[in-house]
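Protein chains: 2
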Amino acid sequence: MKYDTIKWGDSCALLLDQTLLPSRCVYVKCRDEKDIYSAIRDMKIRGAPAIGIAGAFGVYLGVRKSPARDAGSLIKRVKKACRYLAASRPTARNLFWALERMEQKAMSMKAEPVEKIKEALYREASAILKEDKLISKAIGANGRPLIKKDAVVMTYCNAGGLATGGYGTALGVIFSSKEKIKRVYACETRPLLQGARLTVWELALRRVPVTLICDNMAASVMARGKIDAVVVGADRIAANGDTANKIGTYNLAILARYHKVPFYVAAPLSTFDLSISDGSGIPIEERQAGEVKKIGGRLITVKGVDVENPAFDVTPRDFITAIITEKGIIKTPGRANIKKISQLNRR
Amino acid sequence: MKYDTIKWGDSCALLLDQTLLPSRCVYVKCRDEKDIYSAIRDMKIRGAPAIGIAGAFGVYLGVRKSPARDAGSLIKRVKKACRYLAASRPTARNLFWALERMEQKAMSMKAEPVEKIKEALYREASAILKEDKLISKAIGANGRPLIKKDAVVMTYCNAGGLATGGYGTALGVIFSSKEKIKRVYACETRPLLQGARLTVWELALRRVPVTLICDNMAASVMARGKIDAVVVGADRIAANGDTANKIGTYNLAILARYHKVPFYVAAPLSTFDLSISDGSGIPIEERQAGEVKKIGGRLITVKGVDVENPAFDVTPRDFITAIITEKGIIKTPGRANIKKISQLNRR
Chain A
20 MKYDTIKWGD SCALLLDQTL LPSRCVYVKC RDEKDIYSAI RDMKIRGAPA
70 IGIAGAFGVY LGVRKSPARD AGSLIKRVKK ACRYLAASRP TARNLFWALE
120 RMEQKAMSMK AEPVEKIKEA LYREASAILK EDKLISKAIG ANGRPLIKKD
170 AVVMTYCNAG GLATGGYGTA LGVIFSSKEK IKRVYACETR PLLQGARLTV
220 WELALRRVPV TLICDNMAAS VMARGKIDAV VVGADRIAAN GDTANKIGTY
270 NLAILARYHK VPFYVAAPLS TFDLSISDGS GIPIEERQAG EVKKIGGRLI
320 TVKGVDVENP AFDVTPRDFI TAIITEKGII KTPGRANIKK ISQLNRR
Chain B
20 MKYDTIKWGD SCALLLDQTL LPSRCVYVKC RDEKDIYSAI RDMKIRGAPA
70 IGIAGAFGVY LGVRKSPARD AGSLIKRVKK ACRYLAASRP TARNLFWALE
120 RMEQKAMSMK AEPVEKIKEA LYREASAILK EDKLISKAIG ANGRPLIKKD
170 AVVMTYCNAG GLATGGYGTA LGVIFSSKEK IKRVYACETR PLLQGARLTV
220 WELALRRVPV TLICDNMAAS VMARGKIDAV VVGADRIAAN GDTANKIGTY
270 NLAILARYHK VPFYVAAPLS TFDLSISDGS GIPIEERQAG EVKKIGGRLI
320 TVKGVDVENP AFDVTPRDFI TAIITEKGII KTPGRANIKK ISQLNRR
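One line per chain: the protein sequences are A and B, in this order.
In short: position in the first sequence from 1, add 19, done, that's my numbering.
In short: position in the second sequence from 1, add 19, done, that's my numbering.
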């Protein structure tokens, strides 16, 4: 089976609704920036690179039918759409990176006719999507040497084709090392079960042997000496290498450290945020209590109970063996090597 | 609201069905040893001390209507019932402890008439239940000095009144320190959600402020400096102090160690198994894949995926700050102090 995380469909963006997977494969039609905003907020599309791509198409959808007659007016609408879409989710860097890129594209065309700018914005969003697929492949190829023969790899949440334009970051590393990989342990990833629902689905589609476990079983599996490496994605990486990723990643990093299992982060350079010095500056989204209290619409606890539901946590760089990017591997991440590799991303 | 985990009801044992809590409060009638076996296996009753009590009543139910005419024949039936019930779940020591106690009671009455032995078995099971409530209270009282003023305490799974004859081990410590406790963080405890369903329910009933989190959020909460102590129960404690408890306890112990949070185990002496030298000898129950793959009967992943579902893990003694028992606190648990305190349990 072939699927697209996001694609352009005539006059709308089509997003594979990830809240319904794996039981149903339904594409959501996004006709304007509001549809994109809702899809990101409600996590119909999720994964840092994927929401970046969705955001880019959101900007185009937001101005596509704009009655603006001159470049100045259109650029104002572009900026407005960017501000609006930036409020959909706060943590993943890639969303802001993509919105900034769209805005810059528009700004660079101040002297051009409106229709030409609109067309350029469509092409820019399409380029971000296309490039992202190539970036995933490059991350996969760069990560390959880190995976040894007959490796058993643990992954967390979903950093696969569904989290990107296709292929994936952490799963990209796994897919590109497929013949060396004996088995993948997928942590289910509460509360929204992206591991159980999405990662297991992607691995099964590509016929990679996979074992599903609950998040709290990771230490027990590691203690039995089963795991050779952990590979996860990232939502934002600070200048010093501290990494925000799906809640529970920090748990897993501590467990990996204790069991002497290498812990790899796979992410495109668009995930790096050099404006943030360390992890303490990364905004962490707090999501609705209902995501924890209900599963499949069914209450699993006492109705009025207090809940904390941070969507992300921050793994200090000391726990990260290496960060795998499309431009190479950053071993023992720190300010110097992150700055150096980030400069390769200037276009 | 007042509830009983298990009580005798005329001609049957009544067990509060813990698979239905907190949405429904239903008592299951157990009329023979098979009903008790199923209730333990299906976790309608769970928690190490509670399944010990259920097992004891199971022995009585197994011989209550026996046509045996002499003590020898009846004792044979008692032994058979014990062997049968011992196969219901393999990890919690308390079940075997209770079955051994019932068997010894019968064996000590070889010269007595059948009806008198039957009556003694009923009294023995009732005594185990009654004593267990007192033991919980003693554990609570002994743990009190470990809880500081305005403490925020994290607990895992359910080691409350529902896991015992009443009151609880880990929750016993919390209840007996109630006025000192600012808040309890309850980890939901996948796959069967005993934290979300049972611990939150018990804490809410006793008006202890409680915050529910997913298991993978524990490190994030600890990193924010919120947790003063972790208190958990136990299913079996080896001679050296290594402790089997609900899967995920070992995860949490590693996280607590890293964040310098004291990690307390609260358990009656009937949980200790001096015949097992260390944690590697504790049998760990592997339960059905369906418990992980389905929530509320609904499939949450790809149908045919492989699953591991160990019901327990083993926390090495080095992670345990102290074990709180009914006879006192064992600080930095080891062979010597465990042997010493266990001798106090001889009756």
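Be aware that one or more of the hints could be misleading.
Copies of the same chain are indistinguishable here, so a pair counts whether it falls within one copy or spans any two.
[What the hints assert, rightly or not] Here are the simulated DSSO-like cross-link-like pairs (lysine-lysine), alpha carbons at most 27 Å apart as the crow flies:
(1) Lys322 with Lys201
(2) Lys359 with Lys197
(3) Lys48 with Lys359
(4) Lys84 with Lys156
(5) Lys21 with Lys322
(6) Lys245 with Lys313
(7) Lys245 with Lys322
Bear in mind the hints are in silico, worked out from the structure with no lab data behind them.
Outcome of the hint check:
Only between protomers do Lys322 and Lys201 lie at most 27 Å apart by alpha-carbon distance; the minimum there is 21 Å, versus 43 Å within a single protomer. Neither within a single protomer nor between protomers do Lys359 and Lys197 lie at most 27 Å apart by alpha-carbon distance, with minima of 30 Å and 54 Å respectively. With identical chains, the CA atoms of Lys48 and Lys359 are never at most 27 Å apart, being 40 Å at best within one copy and 70 Å at best between copies. Taking the closest pair of Cα atoms, Lys84 and Lys156 never come within 27 Å of each other, the shortest separation being 35 Å inside a single copy and 71 Å across copies.
In this homomeric assembly, Lys21 and Lys322 come within 27 Å of each other (Cα to Cα) only across copies, at 19 Å, whereas the closest approach inside a single copy is 41 Å. Within a single copy, Lys245 and Lys313 get their C-alpha atoms only as close as 33 Å, which misses the 27 Å cut-off; across copies the closest is 25 Å, which meets it. Taking the closest pair of Cα atoms, Lys245 and Lys322 come within 27 Å of each other only across two copies (24 Å); inside a single copy the shortest separation is 39 Å, beyond that limit.
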